[in-house]
Amino acid sequence: MRIFKPDPHAKRPTAVVYVTSPFRNSATQRSTLEQVHKNALVASPSDSKSRDLGNVVENIHVWRKKTSEFSHSSSPCAREDAMKVDTPPSSPIRSSPIISARNPSRHLDAPVRSAATPGSNATFQTPIVAPACLPSLPDTNELPPLPATPEPMDPEAKTAKLIAEIKARAFTTNQSSDDEKPLEYRELEDSDDDDLIDDLPLISNTKNQSSLSRAAWAPSDVFSSPLSSVPSMFDDSSTGRRSRRTPDHSSTPLRPIRSSTRTRKLALAFRLPVTIIESSASVSETKSRSFPPNRKKSQATNPLRALLREKELEDKRGTSCAALRRAEEAVREGSREAFIDSDEFDTMNQAHLADEQAAWKAVHEFRKSTTPIGSSDAEDFTIGDRESKMLGTAAGEAITEILAGDKVSKGKEKARDTNQKMTSGVPLWISSSDEDMEVDPMSIPSLSGHPILTCLDGLVRSGDDSVLDLILRSGALAAVPRDILLSNIPQLLDMAMFASSQIAEAVCIALRDLWGLNPHKVQMPFAAILFAFVRLGASPSILEGLGWVTEHAQKKNDVAHETLLEALKRLLAIVKAAGCASAFSHDDVANVVLILVLMGLDPLTSSELRTQLDATIDAVCNHGTTDYLLHDIHEKVLSVARQLVSVNKARLVSFFASGSGRTRYIARRLAYHLLVSVPGSLDVQALPLEPLILLLSPDAGSCELFDVTNESTDYEELRHYVQILSVALVDIAPYVEEECAIKSACSTLVPGSPNKTKKSPVPPLELLRGVLDVLQGKIVDTRAAHLDRSRIKAAIQRLTLRIHYDRMALVDARPRRRASTLNAYFSPQRQ
1 MRIFKPDPHA KRPTAVVYVT SPFRNSATQR STLEQVHKNA LVASPSDSKS
51 RDLGNVVENI HVWRKKTSEF SHSSSPCARE DAMKVDTPPS SPIRSSPIIS
101 ARNPSRHLDA PVRSAATPGS NATFQTPIVA PACLPSLPDT NELPPLPATP
151 EPMDPEAKTA KLIAEIKARA FTTNQSSDDE KPLEYRELED SDDDDLIDDL
201 PLISNTKNQS SLSRAAWAPS DVFSSPLSSV PSMFDDSSTG RRSRRTPDHS
251 STPLRPIRSS TRTRKLALAF RLPVTIIESS ASVSETKSRS FPPNRKKSQA
301 TNPLRALLRE KELEDKRGTS CAALRRAEEA VREGSREAFI DSDEFDTMNQ
351 AHLADEQAAW KAVHEFRKST TPIGSSDAED FTIGDRESKM LGTAAGEAIT
401 EILAGDKVSK GKEKARDTNQ KMTSGVPLWI SSSDEDMEVD PMSIPSLSGH
451 PILTCLDGLV RSGDDSVLDL ILRSGALAAV PRDILLSNIP QLLDMAMFAS
501 SQIAEAVCIA LRDLWGLNPH KVQMPFAAIL FAFVRLGASP SILEGLGWVT
551 EHAQKKNDVA HETLLEALKR LLAIVKAAGC ASAFSHDDVA NVVLILVLMG
601 LDPLTSSELR TQLDATIDAV CNHGTTDYLL HDIHEKVLSV ARQLVSVNKA
651 RLVSFFASGS GRTRYIARRL AYHLLVSVPG SLDVQALPLE PLILLLSPDA
701 GSCELFDVTN ESTDYEELRH YVQILSVALV DIAPYVEEEC AIKSACSTLV
751 PGSPNKTKKS PVPPLELLRG VLDVLQGKIV DTRAAHLDRS RIKAAIQRLT
801 LRIHYDRMAL VDARPRRRAS TLNAYFSPQR Q
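According to full-length UniProt numbering, the residues represented by the sequence shown are 1 to 831, in order.
Keep in mind the hints are simulated off the structure, nothing from the lab.
All values derive from a computational prediction rather than experimental measurement.
Check the hints yourself; a few may be wrong.
Claimed, not checked - Ranges of calculated distance between the beta carbons of each label pair, as one might list FRET restraints: (1) Glu566 - Val762: 53 to 59 Å; (2) Ala745 - Ser790: 39 to 45 Å; (3) Pro761 - Ile402: 49 to 55 Å; (4) Glu544 - Asp773: 43 to 49 Å; (5) Ser677 - Val762: 44 to 50 Å; (6) Gly701 - Ser677: 50 to 56 Å; (7) Gly547 - Arg317: 55 to 61 Å.
Claimed, not checked - With a cut-off of at most 35 Å between alpha-carbon atoms, the simulated DSBU-like pairs for lysine-lysine come out as follows: (8) Lys636 - Lys521; (9) Lys569 - Lys636; (10) Lys65 - Lys161; (11) Lys158 - Lys65; (12) Lys521 - Lys569; (13) Lys743 - Lys778.
Each residue gets a CB set at the ideal place from its N, CA and C atoms; glycine is no exception.
Please work from the sequences and hints to get the whole structure.
As structure tokens, then:
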């Protein structure tokens with residue numbers, strides 16, 4: 001028997017248990033305790049009784065808690081009184097030794113309250129069970145500690161505590177996440193239908209994870225789910241956790257549970273791990289190990305597609321036959337300028353490419369060459385025996401027919417394009433070749449008749465450009481009398497055309513200010529403009545053919561193309577200022593407009609100069625013109641336009657169609673009379689539409705202008721006439737007014753029939769729109785195989801839609817008389 005020897009250095013216990021009377025070994029009490037512990041320790045073999053087991057364990061914990069509170073709250077005296085129970089002398093508790101206090105436990109020295117049974121003694125309300133009778137309880141270190149009593153906190157303190165917990169949790173999460181690991185993504189070339197399997201998330205092992213979490217989260221194969229290890233009450237992890245306390249009776253026999261001396265660690269807070277996609281190498285390795293790659297069947301190579309691909313690559317690299325021809329042409333052109341220095345050549349080449357007119361000249365020179373782009377290789381190519389074997393007999397014959405048809409169609413298109421380009425525009429300027437051009441110094445006539453003009457002439461002769469520029473910009477010409485200034489206008493125009501750029505710009509500004517700011521207007525003579533054209537290089541034969549005399553004009557000066565364009569820009573600026581000031585006489589207005597039209601018809605006229613020309617014509621036609629002047633302009637321009645081809649007619653009409661007011665009125669009448677040779681009065685605003693309707697609906701096979709049933713119809717020429725027709729119908733307001741007047745006249749009552757009205761005829765505008773629809777339907781263009789037919793069909797469709805919507809807008813915008821009474825509202829005379 002072990003004798004208790006107290007340690008003198010040990011701390012004295014606060015409470016000592018004195019057992020004075022033994023327990024009564026009641027059979028009922030023992031059976032009750034054994035039944036309680038049996039129910040608490042024996043686990044049900046089936047999962048359906050796990051809830052009952054949980055309730056029993058919870059009752060045991062409640063019993064332990066109450067026992068602990070009772071033992072701590074009671075004093076030693078009270079326990080002593082409670083232990084003094086009458087026991088028989090033969091009870092084994094009297095002969096038991098003193099309980100050792102070396103390892104005190106609140107569960108062993110606490111009184112146990114058992115349920116009262118009918119066979120138990122009433123005096124044993126609080127029996128003490130001997131340690132030998134009780135089963136071994138688990139160590140207290142394995143149980144979770146009791147929660148601390150929360151201290152009362154105000155709302156502000158609770159909020160601060162909650163914020164601190166959130167910050168700490170976020171900081172812990174950020175430190176535990178493995179964000180520094182670089183992510184690798186798969187290439188797009190590896191994607192196919194099998195990638196749906198590889199898209200399942202794979203879990204990477206982190207450094208701070210325990211071996212248990214790695215074992216729980218490690219996927220066994222590619223079909224493992226990231227949510228497979230989430231704990232639940234029916235999971236293997238939960239059953240394994242409680243198997244340390246409760247054995248599985250289905251596999252092992254019942255045996256007493258020994259108390260464990262190991263320290264139980266608290267389970268970490270459950271958190272889903274961060275899932276990342278592994279590198280493309282590992283995924284590809286897993287995929288290749290799990291699923292064999294699908295082998296695609298090799299397709300047969302198409303030799304024709306290979307040839308087309310090779311041709312396209314050559315075009316991109318610039319090594320095709322067309323590129324070689326362009327390179328040879330560039331070398332041929334560059335040999336002429338071999339004497340020029342390299343720096344000067346680069347500067348001139350950049351300016352040459354930036355100039356639109358230089359580009360046009362290069363295009364014209366290239367068209368004159370004997371080897372145009374894409375002319376020989378495609379046309380001379382034929383299918384031989386070797387190619388027929390490669391492509392097959394049927395494919396070779398089909399390609400041969402296609403090439404032959406393309407060759408014929410290309411020949412027709414080239415002939416038509418050449419004819420059209422030769423007839424496009426009326427050349428006005430006499431161009432000299434670069435080798436024959438000899439630029440002479442400009443001979444400017446002298447200025448005289450006034451001291452200011454004499455001073456200006458002296459500065460011109462001396463070459464003092466800065467002083468001359470200052471005097472001209474100061475407005476000194478306004479001080480010269482009108483009659484003297486009128487006789488010196490041609491000399492000033494010559495200075496604006498042929499002097500240096502600084503002096504020419506100053507003279508141009510002085511003349512514009514003269515007609516724009518001076519209240520005393522000075523007339524601009526047409527002879528001065530005509531002589532300026534002659535000196536700039538206009539063809540005298542063309543000018544004389546229009547009835548203009550050029551004998552008194554000075555000798556033509558050979559000027560470069562760039563100098564000509566700059567001079568024409570300054571001339572148009574001066575003429576526009578004079579036109580806005582109504583500085584032309586009534587006899588010269590039509591001549592001025594006609595010579596401007598000839599300038600626009602020249603094929604070398606740039607788009608910038610064309611825009612300035614349209615504005616100048618609009619200024620001359622809209623300022624200071626009367627009905628008689630409009631008729632004169634119309635007759636003179638129409639006499640010239642009727643001698644032109646269709647493309648030049650459309651171009652001439654467009655000069656006036658871009659204007660406004662009186663200019664557009666002239667454009668409509670020019671377009672109408674170019675289509676229909678019917679005399680029309682200027683007093684009538686709405687020209688009759690019946691001739692146009694008859695023109696658009698010819699008989700089949702009549703070979704008239706709009707007979708599209710004929711096989712020899714030139715659709716390109718027809719497209720230009722459709723453009724002219726659209727200009728003739730640009731203003732349909734007079735036709736809408738006439739239509740409404742006809743409807744109003746037909747709404748009167750018929751005598752003898754008070755309930756019926758006259759049936760109004762179809763308006764001419766609606767009839768014209770229907771004729772255009774029929775004409776469009778007659779043009780056969782199956783699947784848009786012919787580009788020329790597609791263009792004219794689109795032009796007719798645009799014209800038809802414009803007429804329809806313009807008419808609707810004008811009809812809706814007309815003012816309507818409001819009916820004052822019901823009788824007037826239901827009257828048939830109401831519009």
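The hints, checked one at a time:
Between Glu566 and Val762, the C-beta spacing of about 56 Å keeps the proposed range 53 to 59 Å intact. Evaluation of the 39 to 45 Å hint for Ala745 and Ser790 yields a pass: the beta carbon distance comes to about 43 Å. Range check, Pro761 to Ile402: about 54 Å between beta-carbon atoms, so the 49 to 55 Å window is met. About 48 Å separates the C-beta atoms of Glu544 and Asp773, a value consistent with the hinted range of 43 to 49 Å.
For the pair Ser677 and Val762, the supplied restraint of 44 to 50 Å is violated, since their beta-carbon distance comes to about 26 Å. As the Cβ distance of Gly701 to Ser677 is approximately 22 Å, the hint placing it in 50 to 56 Å is violated. Between Gly547 and Arg317 the beta carbon distance is about 59 Å. The supplied range of 55 to 61 Å therefore holds. Simply put, Lys636 and Lys521 have alpha-carbon atoms about 27 Å apart, close enough for the 35 Å limit, and the pair holds.
Distance hint between Lys569 and Lys636 is fulfilled; the C-alpha atoms sit about 25 Å from each other, no more than 35 Å. In summary, the hint linking Lys65 to Lys161 is supported, as the alpha carbons are separated by about 29 Å, within the 35 Å threshold. Note on Lys158 and Lys65: the hinted pairing holds, with a Cα-Cα distance of about 29 Å set against a maximum of 35 Å. Distance hint between Lys521 and Lys569 is fulfilled; the C-alpha atoms sit about 23 Å from each other, no more than 35 Å.
Only pairs whose Cα atoms come within 35 Å are accepted, and Lys743 paired with Lys778 is accepted, the gap being roughly 32 Å.
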